[in-house]
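Protein chains in written order, with the working numbering: chain A, 2 to 327; chain B, 120 to 420.
These are computed hints drawn from the structure, not numbers from a lab.
Treat the hints with care, as some may be off.
Claimed, not checked - In silico DSS-like cross-links for lysine-lysine, where the CA-CA straight-line distance does not exceed 25 angstroms:
#, chain 1, residue 1, chain 2, residue 2
1, A, 90, B, 316
2, A, 82, A, 170
3, A, 16, A, 82
4, B, 278, A, 16
5, A, 90, B, 246
6, B, 316, B, 246
7, A, 84, A, 142
8, B, 246, B, 318
9, B, 318, A, 16
10, B, 365, A, 84
11, A, 16, B, 246
Keep in mind that this is a model prediction, so the values were computed, not measured.
Listed below are the residues making up each chain.
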Amino acid sequence: MDSDPSVRLFCEGIKDSFYQTIPLASEILRPTQLEELPISEAAAIGLVTGAAMFGIRPIICFQRVEFALLAMDQLVTNASKTKYLSGGKLTSPFLLRLVIGRGWGQGPCHSQSFEPLWHSIPGLRVYMPACSSDYTDVFNKFEVSDSPIITLEHRWTHGISVETSIGCKYSAPEVTIFCYSYNSILASRVSRLLAQYGVDVDVVNSSDFSSAVETVRESVIASGRLVAMDLGPSFLGLSSELIAQLVEQGIVFKAMPVRIGTPFEPASACPEKAYVHFPNAFDLFDALEGLIPHLREQIMDARAAFQNACKGQHSDVPGDYFRGPF
Amino acid sequence: MSDETAIISYASWLRGVQAAIAECYSRQLMRCPVHLSIGQELLWASIKQYCSYEFKVFSSHRGHLPYLTLDGNLRAYVAELHLHEDGASCGNLGSMHLKSPNTGHISSVPIVGSSIPLAVGAAYAAKHLSESWISVAHFGDGACEEGILHESLNLAAVKKLPILFLCENNRYSCTTSLAARQPSSRMTRFADAATVKSKLASTSNLTDLHSSVGDALSYISSSQSPFFLEVDCYRLIEHCGPSLDKGMGDRTFEEYTNALASDLLSHSLNINSYERGFSECEHLINIYTDINLSRRALGFL
């Protein structure tokens with residue numbers, strides 16, 4: 002991207018470095034490629050859509066997912082339909098970075114992800130990265146994309162070290178966990194712990210839902226058991242779509258699949274209530290106990306080990322790697 | 120031929136074309152909502168005289184005139200209204216999405232105000248890729264009630280972009296009068312708030328209208344800054360379709376009578392151009408009427 006002079010980085014508060022994700026960019030991009038934005042999300046998305054039609058390659062960042070709701074018309078009516086409406090004569094490739102908040106009192110209007118909503122718009126590509134290779138993949142896809150791309154970046158996925166492996170794969174897993182974004186970090190942690198007690202659980206980290214069903218399918222054929230995790234509500238979530246497609250494909254489950262997501266209600270800003278609202282490690286342990294009761298003892302041991310490791314820590318931060326407060 | 124004679128001639132042709140659409144719409148074989156601009160032709164006929172500029176126009180549901188002015192392919196226009204594959208968008212989009220990207224009519228978007236920031240984006244691209252086109256956001260008084268206009272004016276002003284905000288104030292949103300929707304009849308006040316230079320012109324004064332269009336374009340081109348041109352005009356027919364709004368909404372029959380009596384184009388109509396427009400369009404409508412009738416007979420329509 003550094004060699005492409007048509008790239009432009011648009012951001013409200015560009016000098017604030019967008020959660021330490023921009024300083025590197027400001028070293029490789031020229032000052033004329035960095036654009037401060039007025040607080041006008043709808044016009045900004047319209048601008049990048051129109052500019053991309055004529056050869057500008059915009060990256061645009063909003064501090065929270067919820068701010069993009071103000072630009073919904075531009076995304077649905079224009080950005081996603083440029084190619085269709087112009088009979089293929091024009092395209093609008095841009096990268097929209099939206100941040101999902103969590104912790105430090107983010108509350109009901111700064112912690113939503115709405116991934117089913119973005120996925121329901123034909124013409125948009127949506128990614129939900131968890132680790133650095135997921136982020137690299139998003140940028141690689143953007144370089145060759147002719148569609149707008151939305152990347153939903155959970156705040157608790159920023160700052161994860163490059164070496165941290167996300168996702169686990171076993172030849173004969175007991176259970177398959179479908180997850181994405183921060184849930185993948187959580188599930189990987191639980192899975193690594195379980196492995197120490199002899200329980201092999203596949204964690205299928207799915208930044209790109211369009212290819213997730215195939216990967217999950219392969220794992221579920223081996224395990225016969227599925228936990229499907231959503232960042233937002235289970236109601237009408239990606240997990241619902243995943244399970245529907247697996248059932249349509251005739252997958253036979255050894256036990257009924259389990260979904261883990263938030264209740265269908267707004268999130269509290271209170272740390273303890275927020276911890277219970279969003280999917281957490283204990284939800285996962287509970288689900289696994291139900292699915293593989295013959296390994297209950299091992300799961301209980303792993304659960305106790307996890308609880309021990311958490312003692313004395315704040316419940317509204319994900320770990321030492323996170324540079325907050327929000 | 121002087122500019123004004125040419126404008127009258129082309130505006131008369133535009134009215135003839137639209138009159139043919141209005142007359143044949145009742146056949147119910149153009150199976151989409153059609154929003155005509157009968158009464159508003161002089162503005163686009165004026166713009167046609169400035170074809171030395173390269174335009175990127177972003178319009179609305181009422182986008183027939185920029186389409187005809189910039190492209191002029193009548194067959195593709197009539198076919199599109201009949202949702203036939205010969206159409207400007209292969210018959211996929213119909214009347215509310217008329218466009219011809221190759222000739223500068225980039226899009227028409229039927230969500231009020233929605234296409235305005237796209238024009239801001241095209242202006243941004245012109246500035247940053249050193250292109251000479253003038254981007255045009257074409258909208259009506261109704262779009263001035265949408266927040267997106269305010270955002271777009273502010274953005275174009277702060278980024279100093281070469282764009283024409285072209286507002287056709289036809290005084291009605293569907294059947295609702297301007298007085299019921301806004302506390303002032305002047306749209307230029309929105310430009311003032313964003314420190315965008317503006318001018319008010321009217322289709323009732325052709326000399327001033329034509330020089331205002333020219334001044335706006337030359338200002339944008341030389342200063343590389345936005346300009347807001349409000350054009351007072353009057354839509355002589357209903358919002359969507361060929362008839363008068365009689366008995367509906369805010370309009371009175373007296374208002375129609377007065378508007379028609381003071382319609383400059385009606386008084387100075389070039390009959391030959393009008394009839395040529397009407398017959399060319401009617402001929403094509405008859406072709407696609409027959410095609411659609413035969414498709415319906417086969418059970419396809």
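For a C-alpha distance cap of 25 angstroms, please report whether residue 16 of chain A and residue 246 of chain B respect it. Answer holds: residue 16 of chain A to residue 246 of chain B is near 23 angstroms, not above 25 angstroms.
Given pair status - residue 246 of chain B, residue 316 of chain B, alpha carbons within 25 angstroms: holds, 19 angstroms
Quickly compare the C-alpha distance for residue 318 of chain B and residue 16 of chain A to 25 angstroms and report which way the hint goes. violated, 37 angstroms
Holds or violated: residue 16 of chain A to residue 82 of chain A, with C-alpha atoms at most 25 angstroms apart: It is violated: about 32 angstroms lies between the C-alpha atoms, which goes past 25 angstroms.
Taken at face value, is the distance from the CA of residue 84 of chain A to the CA of residue 365 of chain B at most 25 angstroms? violated, 40 angstroms
Taken at face value, is the distance from the CA of residue 16 of chain A to the CA of residue 278 of chain B at most 25 angstroms? holds, 17 angstroms
Are the Cα positions of residue 90 of chain A and residue 246 of chain B separated by 25 angstroms at most? Given pair residue 90 of chain A, residue 246 of chain B holds - Cα atoms ~22 angstroms apart, limit 25 angstroms.
Holds or violated: are the alpha carbons of residue 90 of chain A and residue 316 of chain B at most 25 angstroms from each other? violated, 33 angstroms
Are the Cα atoms of residue 82 of chain A and residue 170 of chain A separated by 25 angstroms or less? violated, 38 angstroms
Pairwise hint evaluation, residue 318 of chain B against residue 246 of chain B, where the allowed Cα distance is 25 angstroms at most: holds, 23 angstroms
Below or equal to 25 angstroms on CA atoms is what counts here, so check residue 84 of chain A against residue 142 of chain A. holds, 18 angstroms
This entry does not satisfy hints 1, 2, 3, 9 and 10, going by the numbered hints stated previously.
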